[in-house]
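Below, each chain spelled out in residue letters.
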Amino acid sequence: DGGITQSPKYLFRKEGQNVTLSCEQNLNHDAMYWYRQDPGQGLRLIYYSQIVNDFQKGDIAEGYSVSREKKESFPLTVTSAQKNPTAFYLCASSDPTGFETQYFGPGTRLLVL
Amino acid sequence: AQSVTQLGSHVSVSEGALVLLRCNYSSSVPPYLFWYVQYPNQGLQLLLKYTSAATLVKGINGFEAEFKKSETSFHLTKPSAHMSDAAEYFCAVIAGGYNKLIFGAGTRLAVHP
Numbered sequence: 001d002g003g004i005t006q007s008p009k010y011l012f013r014k015e016g017q018n019v020t021l022s023c024e025q026n027l028n029h030d031a032m033y034w035y036r037q038d039p040g041q042g043l044r045l046i047y048y049s050q051i052v053n054d055f056q057k058g059d060i061a062e063g064y065s066v067s068r069e070k071k072e073s074f075p076l077t078v079t080s081a082q083k084n085p086t087a088f089y090l091c092a093s094s095d096p097t098g099f100e101t102q103y104f105g106p107g108t109r110l111l112v113l
Numbered sequence: 001a002q003s004v005t006q007l008g009s010h011v012s013v014s015e016g017a018l019v020l021l022r023c024n025y026s027s028s029v030p031p032y033l034f035w036y037v038q039y040p041n042q043g044l045q046l047l048l049k050y051t052s053a054a055t056l057v058k059g060i061n062g063f064e065a066e067f068k069k070s071e072t073s074f075h076l077t078k079p080s081a082h083m084s085d086a087a088e089y090f091c092a093v094i095a096g097g098y099n100k101l102i103f104g105a106g107t108r109l110a111v112h113p
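Residue numbers (our numbering), protein chains in the order written: chain B, 1 to 113; chain U, 1 to 113.
None of these hints come from the bench; they were simulated from the model.
Possibly wrong hints are sitting among the right ones.
[What the hints assert, rightly or not] One side only, chain B facing chain U, incomplete, derived with CB under 7 Å: (1) G2; (2) G3; (3) G40; (4) G42; (5) F55; (6) L90; (7) S94; (8) P106; (9) L111.
[Claimed, not checked] If you want the footprint, here are the derived chain U segments under chain B, 3+ residues with CB under 8 Å: (10) 58-70; (11) 103-110.
Remember, it's a predicted structure, so these values are computed and weren't measured experimentally.
We treat Cβ as the ideally placed atom computed from N, Cα and C, and that holds for glycine.
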């Protein structure tokens, strides 16, 4: 079945530590996205990538980094510079032809120890 | 700039009653609008989308939404609520040429017997 997988489901970060969230898709989509979800705030865009080896900052990119070395993979690193990382992180993908539906993964919940 | 406002962060209905979740948008260009549903600790699932074809859009699970340009609204309805409809619902609008989604803050729907 085609879809988006995210791992791990839960992730714990110690202070000063960088952690990486995985996102893989087999939908053959060129575009991929990372969103952060906080209670009562909806989803906010962190980074997006329209094609391999290219990515752009979203609305809240500070403290995060990404890479896009393969079409099917778009990992997100939460760096120690992100002072409030506790949130639910959602990855999505779509065709980049404009106005296309974004399909979401199951999410990773990041907690700070 | 595009934006989305969802009126009512919590809505409670009886099983079998009408479900009405409100969404108003602001857009400087003809909008593309989406409704997504999220069950606890899961990703988002597309319910329906409006892409400038028919103004009444039918989606999955018996939901539908009507695009009203004069009211800048895209309210989500279902004639008869089911217990399984209890979830959080997000309205979103496309913004920008790179398929950026702007989300509302979400409405949590509770269905009681």
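Hints, one by one, checked against the model:
no.	hint	in the structure
1	G2	14 Å, violated
2	G3	10 Å, violated
3	G40	6 Å, holds
4	G42	4 Å, holds
5	F55	11 Å, violated
6	L90	6 Å, holds
7	S94	6 Å, holds
8	P106	5 Å, holds
9	L111	13 Å, violated
10	58-70	violated (count 0)
11	103-110	holds (count 4)
Figure legend: structure checked against the earlier numbered hints; hints not met, in rising order: 1, 2, 5, 9, 10.
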